[in-house]
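Q: Please work from the sequences and hints to get the whole structure.
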Amino acid sequence: MWTMVATFFGHLVAASNPLWWYYPLCAIVALVYKATKHDSPLKILTSAIHFFVVVTLGMFALALALYLIQVIF
Amino acid sequence: MTESPLGTPVVNDISSGPNPLAALALGWLIPGAGHVYAGQWRKGVFFFVMVMALLAIGTYLGSGTVFQPSPWFFPQFFAGGPMLALVPVSIHLAHAPGGIDWADRLHETGILYTAVAGFMNALIMMDVFLRLTLPTHPAKTTEERAA
Numbered sequence: 001m002w003t004m005v006a007t008f009f010g011h012l013v014a015a016s017n018p019l020w021w022y023y024p025l026c027a028i029v030a031l032v033y034k035a036t037k038h039d040s041p042l043k044i045l046t047s048a049i050h051f052f053v054v055v056t057l058g059m060f061a062l063a064l065a066l067y068l069i070q071v072i073f
Numbered sequence: 074m075t076e077s078p079l080g081t082p083v084v085n086d087i088s089s090g091p092n093p094l095a096a097l098a099l100g101w102l103i104p105g106a107g108h109v110y111a112g113q114w115r116k117g118v119f120f121f122v123m124v125m126a127l128l129a130i131g132t133y134l135g136s137g138t139v140f141q142p143s144p145w146f147f148p149q150f151f152a153g154g155p156m157l158a159l160v161p162v163s164i165h166l167a168h169a170p171g172g173i174d175w176a177d178r179l180h181e182t183g184i185l186y187t188a189v190a191g192f193m194n195a196l197i198m199m200d201v202f203l204r205l206t207l208p209t210h211p212a213k214t215t216e217e218r219a220a
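From first to last, the protein sequence lines are chains A and B.
FYI, our numbering numbers position 63 of the first sequence as 63, with every residue one higher than the one before it.
Heads up, our numbering is the position in the second sequence plus 73, with the first residue counted as 1.
Simulated from the structure, these hints should not be mistaken for lab results.
Quick caveat: nothing in here was measured; it's all calculated off a predicted structure.
Backbone N, C-alpha and C fix where the C-beta goes; we use that ideal spot for every residue, glycine too.
Treat the hints loosely; a few may be bogus.
[Claimed, not checked] Partial selection, computed: residues in chain B whose CB lies under 8 Å from chain A: (1) M125; (2) A129; (3) S163; (4) R178; (5) L196; (6) D200.
A: Have a look at this one:
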């Protein structure tokens, strides 16, 4: 089970996976979205980092859940 | 500033300051120009750079053929002036030998980038419009709200 999960994450972060293009996209979206909500540069930066981490971890969790559902059923 | 029937301020007096509709139109034509017009030039330049970066990366990934008649054009439309400039180039390149490889994952990613650029510019346009019309915009300082 853990080997399967590790293999899955290996594919997810492989250099050949275009998913790498997601990170700059998410970073820019986080900065623009937070810049519309706040005026202080420090507040924009910290809340954008928080947004980036939460969304990225959430998407990893969702990807893992879908993968496990696919494997089990 | 006008008042609602309950006596609470709801809308700024737009006759004395920047026109929200003009800011909206400028923001569509040139991303971030609405904020520059509204007096927030640093934020306007920041938004311009961000939206142009999304468009540049998307156009690069899609080999210049990302603006095509497809459902994705709806969000791309909000990228405004730069989108208008890139559409003829995109259509021209799509008819060149080789055309578009719709199965290419990088091409899909390029379309996604440009669509997100449009969505982000729509958000930026809404932001400047609401800043100029709502005195209680959450990003405004206490002094700005009182003005």
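Q: Compare the structure with each hint and give your call.
A: Against the structure, the hints come out as follows:
1. Because the closest C-beta pair between M125 (chain B) and chain A is about 11 Å apart, greater than 8 Å, the hint is violated.
2. Below 8 Å, beta-carbon pairs count as interface contacts, and A129 (chain B) has none with chain A, the closest being about 11 Å; its hint is therefore violated.
3. For S163 (chain B), the suggested interface contact is broken, since its CB lies about 19 Å from the closest CB of chain A, more than 8 Å.
4. The criterion of a C-beta within 8 Å of any C-beta in chain A is met by R178 (chain B), whose closest approach is roughly 5 Å, and the hint holds.
5. The closest approach between the C-beta of L196 (chain B) and any C-beta of chain A is roughly 6 Å, which is under the 8 Å cut-off, so the hint is satisfied.
6. For D200 (chain B), the interface hint holds, since its Cβ comes within 8 Å of a Cβ in chain A; the closest pair sits about 4 Å apart.
Consistency note: the structure conflicts with the earlier hints numbered 1, 2 and 3.
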